[in-house]
Amino acid sequence: MSVEPQMPKSWNRETKPHKFCPGCGHGLVLKALGEAIDELGIQDKVVFGCDIGCSLLAWDFFNVDTVQTHHGRTTPVVTGIKRANPDVICIAYMGDGGGYAIGSQHLVNAAARNERITAILVNNTNYAMTGGQMAPTTLPGQKTETSPYGRDVQLMGYPTQGPEMVAAITREGAYVARGTVANLRQLKKYLKKALENQMAGNGFSFVEALSTCPTNWRTNAKETWAFLENEMPKYFKVGEIKVPGQKEAGQDG
Amino acid sequence: MGDTPIQGEKRVFMTGNEVVAWAALAAKADIMYGYPITPQNEIMHYWTRMAPKYGKRFLQTEDELSAGFTTVGGVLAGRKAFTATAGPGNTLMQEPMSMAEMMRIPTVLVVQQRGGPSTATVIYSQQEVTMTTYGGNGEGLRIVYSTSTHQELFDYTIKAFNTAWKYRFPTFILADGYQAKMRESLTLYNPEDRGIKLIDPEPLLGKEPVNGEKKPTHLRNTYNTEEELYEVITKYMDEYLKVAPEIMEYEEGNVDDADIIVVSHGVVTRAARGAVQELRNAGLKVGYFRPITLRPFPGEQLKKAVVNAKTMLIVESAYGQLAKLVKDAIYGTTINLEYLFKPGVGITAEEIVAKCKELLK
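Protein chains in written order, with the numbering used here: chain A, 306 to 558; chain B, 151 to 511.
There may be inaccurate statements among the hints.
Claimed, not checked - Simulated coverage check for chain A against chain B, where a stretch passes if three residues somewhere in it have a Cβ under 8 Å from a Cβ of chain B:
| hint | stretch |
| --- | --- |
| 1 | 362-369 |
| 2 | 373-379 |
| 3 | 389-402 |
| 4 | 407-417 |
What the hints assert, rightly or not - Partial selection, computed: residues in chain B whose CB lies under 10 Å from chain A:
| hint | residue |
| --- | --- |
| 5 | Asp-180 |
| 6 | Arg-207 |
| 7 | Glu-212 |
| 8 | Leu-215 |
| 9 | Ser-248 |
Simulated from the structure, these hints should not be mistaken for laboratory data.
Virtual Cβ for every residue (Gly too), placed ideally from N, Cα, C.
Bound conformation, chain B alone (with noise of 0.2 Å):
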């Protein structure tokens, strides 16, 4: 039994569930909860199978509020506990995690988006953007990575455990369907080998007597009065705006004299940033933008990015939950939008080249 599981960096051709499993492995998560539900399942699998050989725990529940609720307790416990989800599965662990919102519990869940709403399919869609970032009965003190790749898928579910401990909000990595099940190519590696300091989880309940004394924790998330909350929540909502510069991520390409700049996020980058190579080869002027951070949005950076175009043309397999949070951060600039909205399925750069020429007419 190893303490490292990843021992230097490995090439490997692996579905991304199988990712996620070792890249919390790799991140020295303790133990997963989780309940099955397409298409998530083989990150469970996965762990089920490894996580033994490095002393780690499982335990699989009776449904997604218990995964998210015994997620929380193994945090409390002072565990990197995690669990994923997907579709009606997310839906229900919005209560766990508006639980981890309001008592600030550095929760970890992946989320492998299938269509909605309800039952809908169980591959692939992106859906589940505006319940991520903003759904429970809060604020949306949250962060949410989307992925486009798997070594990103890899990469930030090791930053997603570091991002939880270290502001304390609840973190999802908001993947999908063909990320959980396709196989591609990347890189493992070790974090700490990269110079990643993984950050050590503390108890918040359960915690040894200091000198033979023992100071009780007593955590609620209910309060007496309305304005016992709007302390509370203000405190938070000033300690969120003010790390969020910090969380925020986004990738962006051929933007300084793009007319159109193509916004999108998760895999629809893939074709964002095929078709813009292919419009640049025929001397079209577009380029891309891509938040990786959907909660802290990346707004600021996005108004900069299209400050010189003319139009915005926003792409996402769903019918304008990434439109939303752009919309609101982007309040005030005058640029034209256009949108290329197919909920729940997939996006090729065939058809975003046709829609930019369209508009380039």
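So here's chain A without its partners, still in its complex pose (with noise of 0.2 Å):
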């Protein structure tokens, strides 16, 4: 006898089990975002674009209108799309090197502008697709194909942080939060609420998600978690950082 897996009702059936590693984050992230979607009822509205690099695995990953563009050009695609059709509901997802080096400056004209669209970025500290080369977002001292050594920060600088850099230079309107795939039940409701801001029209709205990339990282089942857990964090914060109406959003957890 075989047990049916829980799914959410927007993935696409058809095409599990999914094409991500073992271990990979992904699937958990796009598991709260699927359900984020069902809880919304919002299945027949959303556009959903897709980066390149493992996000692009996504790229029939739900039962909604989705479209993969290049390397950083989501951001852009999902805008186009938002201004010429307000009425759909679109999201752009993408990885920490979509959005923080080569997109970077779409991610920060979209936010500037106010965009309403949902930005959702996969933080697994390095550029997964391509073999594990040094992201933004990868940790000092962390070793990767292109910093075999360990990231130099007095040569390469510190991680990007995001979410803190996309809260300073949107407005109000804006929602920015960092959730993580260790605590599920809250990014979920990160997610929710992002596109929550999207649907009532309010600005740009933008989730980071610490996420595992235990390929690259060579790690085993208990030290991807430990990674994930102890390390990240710690350049990482999680939380809620910009809300809608509020002045001073605390970070809770």
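Given two chains presented individually in distinct reference frames, assemble the corresponding complex, making use of the accompanying hints.
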């Protein structure tokens, strides 16, 4: 007897099991997103854009309209869609390379213009699809293929703190939070609020999700989880950073 | 707020950039995404002044990459979206346009060529031919109209929207800084009054559910295997080659008995026409051929035009970018090739006359 796995209604069952590596956090972020879409009942209204990098593997992940774009360019494509048809609910889904390196000017300017879209950025501290190179989010001392002796902050600077940057450049109406796949209920809450913020027409919504890459981290299950839960939050504080209507949002964990 | 910006036929005297904005309105374009670069800026200036009166939209993006990709997004959402650029901006636009090629997204891009490479000059050249016809990491699955007068700028900008939406290949208007900035007279018209049917756009994403049910669309430009990509591109190429003869356009004059055929495109054709007229008046057998579509290139028509001629003189404000297209198209013919290349500067009828006389000696 087989037990049917629990999947969000908005998932495309025909493309499951998904194509992400075992232990990858994308599946968890997309599960939280799928449940948020289900609970909001917006499956028929969502346009989901994904980037190049591991996120492109989500091009047929959902039973929602989807477009897979170029590295770093998902934000402008989704902005173009939203501007042309404000009735659809637009999600730009990307990795840390796409959002904080090659596509950073798009993220910055979409945030500054308060585009009514929801950007979700998965932070796994490396360029995973291309084989584990250093990313803007690679932690100090972290070894990658292009920082084989560990990230030297004297040479390469400190990890990009994306939500803090977005919070600093957005004005009233923006929603900014950082969640983690280590706390899925909280992540789902943030994603849902980010979508609701767009639906209310308030402004730019941005959620970073701390995630895992056991393949390129070369970690076993225990070490993977330890890195996610103990190392990453030292630089990347989990919590809501900006909430519309609230002057200074606390970090509610 | 009216739906038809141009009532009846209207004789006007305006700059090329203004003409493009009027043409986009006449073609019922919905939204422009743009980024400033000279010499195309006034397209945005006029569009932003007129568009709100007709319920149209505009977004000024952070760079040309974004202008190109938001245009792609606008088209995906089912709007007639367009953008305009030049020079280094055209270089950046090749990335979004290659996505449009791969996903058959009917984008419209107006290029007002400036000098190159790099920043170079801001006014004029014909140096964006190679990039506009074959830019991007692909096969050049696109349509490029090269205009030579303001009337053509109006006619072909309207046509570009129809071509793009009919064939689903990114479509380009390749003009230049002279056309962008100078004023000349032309007739504005509402295309539908002339029996030109405007093709309605349709959404590729964000379609309304039918009978309460929605079948999602999944678009990608990534393929898992080489064979999978080979199949897709072979199919696209077959479709492109099949429709190419319908799309190709050209103009020729005095070719039948000519010893020399002057080949040029865009504004240089104006000098070529003038030169041929002057040479004919002097009893010299010279004709001209001008491809209007640079991609697909009317190669067979050119071969036919030069069949009795001894020499083909290729004239362009670039160093052989048109010549490359010509040589590729006429491969196998034994005609003598001569060139008048002036990268980044204009060419007068007098210069072409002098060159032809020298060749006829």
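Hints, one by one, checked against the model:
no.	hint	verdict
1	362-369	holds (count 5)
2	373-379	holds (count 4)
3	389-402	holds (count 4)
4	407-417	holds (count 4)
5	Asp-180	holds (7 Å)
6	Arg-207	holds (7 Å)
7	Glu-212	holds (4 Å)
8	Leu-215	holds (7 Å)
9	Ser-248	holds (8 Å)
Consistency with the previously given hints is maintained throughout, with no hint failing.
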